[in-house]
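*Asks:* Chain by chain, the residues run as shown.
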Amino acid sequence: MKDKLYAVLHDSRVSGVMLIALILGAWQLSAMYTIQSPTWPPVTRIFEAWFENVADGTLPNHIVATFWRQMLGYGLAVVLGIGFGLAMGYFRVLYNLFEPLVEVLRPIPGPAYLPVLVLFVGIGHEMKVVLILLASFFPVLLNTYSGVRSIDRIQFDTARTLGLTTLQTFRELVLPAASPQILTGMRISLAISLILAILGEMIVSNDGLGYFTLLAQRTFKVPEMYAGIFTLALFGYVLNRIFLLAEARLIRWHHESSGRH
Amino acid sequence: MLLAHTVAWLRVAVPDKSDIKSDPPRRIRQSAAAHVLNQPLPSASPSKRSEFLVVEALEKRFSSHGRAAFTDISFSVEKGEFVALIGPSGCGKSTLLHIMAGLSQPTAGMIKVKDEPIRAPRDDMMFVFQQYTKSIFPWKTVLENVLLGVKYRSTAPRAALEKMCREHLEMVGLGRYPDYYPYQLSGGMQQRVAIARALARRPNILLMDEPFSALDAMMRVELQDLLLQLWRDLGLTILFVTHDLDEALYLAQRVIMLSASPGRIADAVEVPLAYPRRQIETRSDPIYLDLRKRLYRTMEAEVMAGRSEAP
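Sequences listed follow chains A and B, in order. Per this note's numbering, residue 1 is the first one in the first sequence, and the count goes up by one each step. Per this note's numbering, residue 1 is the first one in the second sequence, and the count goes up by one each step.
Treat the hints with caution; some may be incorrect.
Calculated pairs, SDA-like style, for lysine to any residue (alpha carbon to alpha carbon, straight line, at most 20 Å) [to be verified]:
id: 1; chain 1: B; residue 1: Lys140; chain 2: A; residue 2: Leu250
id: 2; chain 1: B; residue 1: Lys140; chain 2: A; residue 2: Phe156
id: 3; chain 1: B; residue 1: Lys79; chain 2: B; residue 2: Leu245
id: 4; chain 1: B; residue 1: Lys134; chain 2: A; residue 2: Ala216
id: 5; chain 1: B; residue 1: Lys79; chain 2: B; residue 2: Glu270
id: 6; chain 1: B; residue 1: Lys134; chain 2: A; residue 2: Arg160
id: 7; chain 1: B; residue 1: Lys134; chain 2: A; residue 2: Phe156
id: 8; chain 1: B; residue 1: Lys140; chain 2: B; residue 2: Leu161
id: 9; chain 1: B; residue 1: Lys134; chain 2: A; residue 2: Asp157
id: 10; chain 1: B; residue 1: Lys112; chain 2: B; residue 2: Glu78
id: 11; chain 1: B; residue 1: Lys163; chain 2: B; residue 2: Gly175
id: 12; chain 1: B; residue 1: Lys140; chain 2: A; residue 2: Ser150
Selected chain A positions facing chain B (in silico; Cβ < 10 Å) [unchecked claim]:
id: 13; residue: Gly16
id: 14; residue: Leu19
id: 15; residue: Tyr113
id: 16; residue: Gln155
id: 17; residue: Thr165
Simulated from the structure, these hints should not be mistaken for laboratory data. The beta carbon of each residue, even a glycine, is placed where N, CA and C say it ideally should be.
With the rest of the complex left out, here is chain A (with noise of 0.2 Å):
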């Protein structure tokens, strides 16, 4: 029995789904007996609001608002991102001519921007896909040039004897060696645009998840806010899991080479 107990909570993650149960419980009772305060909704009524919110479409909307703008702002960065990075890594001279400036402006917290951009870009949309763009770029950026950059002279020497044009080493060798790094700063800059569309959205905006959020709490609506922001917990993990599965696939020797060691 004892034993049993053991194997499950080291085999499985149920022991971890339970805690997130006992948490949500936890909450519910407490707002329902102690802490009975309109800024601690009981979970119940959060997930009321939320299914109304879904049900009139509320909620699909902006999720649709933030994923558009996020994947406009990260869809340019990875495309920019891998592009210069692959640039870098291969062609000495401008990793030298371009490392130090990412230096220099790599440290810059996204937010950072905001002002600047209010001033260039405005308030509107393209200011949000901007922001998202800047901040998801240098992750991208530096895994893509140092995946390169550690590339095995041997592999260089390889595609040479073959006879590969750059081109095609580009393609055969730097591209697919670099990958697993690239998908390294994929993921972390995938985090990253999600939390610069948010605060995009909070600072100015009129649709998005983070609008949502922000307005419910403004509007003492605050079964919404809750409801927005465990939204947010949803759809920040869905983007992640599909990203894993996607990587999974991509780079699966990989995991398999690297494993054996």
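Guided by the hints, dock chain B onto chain A, whose structure is given.
*Replies:* Okay, now just chain B, sitting in the frame of chain A:
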């Protein structure tokens, strides 16, 4: 078994050779092999050789510290010859092979193939690296790895190229593994993939840089015999770098020994042992043992000299 495959391959592959662009005329080497095998080997006077690959007063210095890896190395290799280069570590034998492959430039002297100096990798020359885990691309299947060498240099339809690559996998004993990934194969099988990839290009010259030194003893023996078989069947010229004296003597017709840094030619011996060589009989042949003793003493002296010179 393997021989049967190989013969079948030759029958199938030779009429198809127009598939491959820039395909060098393929000699079926019955005659060449017979020539090599039945004649006593020519004595070490270079002028009498039909010089195919010539190394002339080659020197390599490393710009960073100005020290020479080797200086004044000259030798030549006949078409169809199997030559082993050995020497203590740091004598520059791998560097020499890289220069031969066109991957690196000498600081003086030159290497010529058929009187053309080598400046870049040549189409008719393939390289097999020691580190098969790197030179075989882990994100490609076995077949894709072999295809990589030919798919950009041929206008033949993909299916014909695949067929040709499968035949080369068959030759190295991997006929059943085209769709495996390298991580699913043993080290010996991975190095076989590298050999198949090199051969699929139908090279005249095969440069091998300690190709078997990362393998365990049994696999090394197996691959040595496979390589000799391929050399005889395909009429290749092979330059084989190794630090293993026994491997050099077992495989090669001629062994060139380099001295410790800076490398020079310390000794060169013909190995007048008949092919096919056999792991046990050849290695216990008195000629083999004599040569081994001679080279071992030279090697030992070189290693000692290298140590006493070291700072």
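*Asks:* Each hint: holds or not?
*Replies:* Evaluation of the provided hints:
1. For the given pair, Lys140 of chain B sits about 12 Å from Leu250 of chain A by alpha-carbon distance, which is consistent with the 20 Å threshold.
2. In summary, the hint linking Lys140 of chain B to Phe156 of chain A is supported, as the alpha carbons are separated by about 16 Å, within the 20 Å threshold.
3. Between Lys79 of chain B and Leu245 of chain B, the direct Cα distance comes to roughly 23 Å. Violation of the 20 Å bound is thereby established for this hinted pair.
4. For the given pair, Lys134 of chain B sits about 56 Å from Ala216 of chain A by alpha-carbon distance, which is inconsistent with the 20 Å threshold.
5. The straight-line distance between the Cα atoms of Lys79 of chain B and Glu270 of chain B is roughly 16 Å, inside the 20 Å bound, and the hint therefore holds.
6. The hinted pair formed by Lys134 of chain B and Arg160 of chain A meets the criterion: a straight-line CA distance of about 14 Å does not exceed 20 Å.
7. Of the supplied pair hints, the one linking Lys134 of chain B and Phe156 of chain A holds, its CA atoms being roughly 10 Å apart against a limit of 20 Å.
8. Between Lys140 of chain B and Leu161 of chain B, the direct Cα distance comes to roughly 16 Å. Compliance with the 20 Å bound is thereby established for this hinted pair.
9. Note on Lys134 of chain B and Asp157 of chain A: the hinted pairing holds, with a Cα-Cα distance of about 10 Å set against a maximum of 20 Å.
10. As the CA atoms of Lys112 of chain B and Glu78 of chain B are separated by approximately 12 Å, the hinted pair is consistent with the 20 Å bound.
11. Between Lys163 of chain B and Gly175 of chain B, the direct Cα distance comes to roughly 11 Å. Compliance with the 20 Å bound is thereby established for this hinted pair.
12. Between Lys140 of chain B and Ser150 of chain A the alpha-carbon distance is near 19 Å, which keeps this suggested pair within the 20 Å criterion.
13. With a cut of 10 Å, the hint placing Gly16 of chain A at the interface with chain B is violated, because the nearest CB-to-CB distance is about 31 Å.
14. The beta carbon of Leu19 of chain A is not positioned within 10 Å of any beta carbon in chain B (closest approach about 37 Å), and the interface hint is therefore violated.
15. Taking 10 Å as the C-beta contact cut-off toward chain B, the hint placing Tyr113 of chain A at the interface is violated, the least distance being around 36 Å.
16. A hinted interface residue such as Gln155 of chain A counts as satisfied when its beta carbon comes closer than 10 Å to some beta carbon of chain B; here the least separation is about 5 Å, so the hint holds.
17. For Thr165 of chain A, the interface hint holds, since its Cβ comes within 10 Å of a Cβ in chain B; the closest pair sits about 8 Å apart.
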